[in-house]
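Each chain, written out:
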Amino acid sequence: MALVLLAGTGTGVGLCALATLLYAAHSTLAPHAAVAGVTALFATPPLRLATVAVGFAREGRPRLALAALAVLGVLAVAAIRAAMGSLL
Amino acid sequence: MGLRFSQAVAVSLTAIIVSSSASSATYVEQGLADMRTGVVLELATASGALAAGLLASLIPQVVLLALFAAVAWYTAYASWRRRGRASEGEATGAYAVRRWGTGLALSFAAGAASALVGVGGGFLKVPAMALVMGLPFKAATATSNFMIGVTAAASAYVYAARGDLDLSVAAPTVVGVKAGARLGSALLPRVRSARLQGAFAAVLAVVGARMALDAWSLVR
Chain A
240 MALVLLAGTG TGVGLCALAT LLYAAHSTLA PHAAVAGVTA LFATPPLRLA
290 TVAVGFAREG RPRLALAALA VLGVLAVAAI RAAMGSLL
Chain B
535 MGLRFSQAVA VSLTAIIVSS SASSATYVEQ GLADMRTGVV LELATASGAL
585 AAGLLASLIP QVVLLALFAA VAWYTAYASW RRRGRASEGE ATGAYAVRRW
635 GTGLALSFAA GAASALVGVG GGFLKVPAMA LVMGLPFKAA TATSNFMIGV
685 TAAASAYVYA ARGDLDLSVA APTVVGVKAG ARLGSALLPR VRSARLQGAF
735 AAVLAVVGAR MALDAWSLVR
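Heads up: the protein sequence lines correspond to chains A and B, in order. Quick note, the first sequence lines up with residues 240 to 327 if you use my numbering. Quick note, the second sequence lines up with residues 535 to 754 if you use my numbering.
Treat the hints loosely; a few may be bogus.
As the list claims (entries may be wrong) - Covered stretches of chain A (chain B as the covering partner; in silico rule of three or more C-beta atoms under 8 Å from a C-beta of chain B):
#1 248-259
#2 267-276
#3 284-296
#4 313-321
Stated by the list, open to error - Taking beta-carbon pairs under 8 Å as the criterion, some of the chain B residues facing chain A (in silico):
#5 576
#6 699
#7 718
#8 722
Claimed, not checked - Selected chain B positions facing chain A (in silico; Cβ < 7 Å):
#9 552
#10 570
#11 573
#12 687
#13 712
#14 714
#15 721
These are computed hints drawn from the structure, not numbers from a lab. Virtual Cβ for every residue (Gly too), placed ideally from N, Cα, C.
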């Protein structure tokens, strides 16, 4: 769990730090690095919930695993609605 | 910085995700975050955010701001009064969680506040867990930190898809917030709960004042 959080946050923050340097250097690559960094950060909450759900399922607590999956479902709906909105 | 309000909210939500993810890693390792309570309350929070998204156009923003300002001031007062009774025992399972109904209702309101006013929702979740549900203050803080990133993500996706996220502002903000979150999560176990609760009450009072000012500016 902690490893998932550290990996997602570390990758996202690392790419954002790189983007900051590239912005300072007026590089055209800066927005690409920033998009990759923010995408990695945005992926962290659903990954966190999925890891929690798996953890609860392994511990034999199916109701809590379902609760985590339900929240994950709400996040998925928000992401899909956002994506559809940006396409329309 | 000259950002539009919606752009500022988008950067703020991204910062909440970073702060939540960075500090949660430490809190999960330390066993401070109560995952069971967090996940169950997050169901109510996500439902609150979803419902608020559907009702947003029906409720005047000035009413919401005034209401949440009053709630923030009340919880600041309650937190300040009870700071001397803050428990230091913070290990998950070392305490009994009670009054789930009230906790779920307040989490629902926190989700609605997050979606309607663009705040993290921690100003309602921490008092709900610490003052109502019986979690030690540090456990409530760590659990709220774990939750707010998930709540913020749902709104952040919408703002980003609308093109409101200014990447040239978000990138350096993320780096600064990560450093602050790391410092905060390292300090949490060392600070006495009573002091932490007092500081929380002071921040809540400022948040309430800010919301009241925003409401006043809409009335004028």
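Right, here's what the structure says about each hint:
| no. | hint | in the structure |
| --- | --- | --- |
| 1 | 248-259 | holds (count 7) |
| 2 | 267-276 | holds (count 6) |
| 3 | 284-296 | holds (count 7) |
| 4 | 313-321 | holds (count 7) |
| 5 | 576 | holds (5 Å) |
| 6 | 699 | holds (7 Å) |
| 7 | 718 | violated (14 Å) |
| 8 | 722 | violated (15 Å) |
| 9 | 552 | holds (6 Å) |
| 10 | 570 | holds (6 Å) |
| 11 | 573 | holds (5 Å) |
| 12 | 687 | holds (4 Å) |
| 13 | 712 | holds (5 Å) |
| 14 | 714 | violated (12 Å) |
| 15 | 721 | violated (18 Å) |
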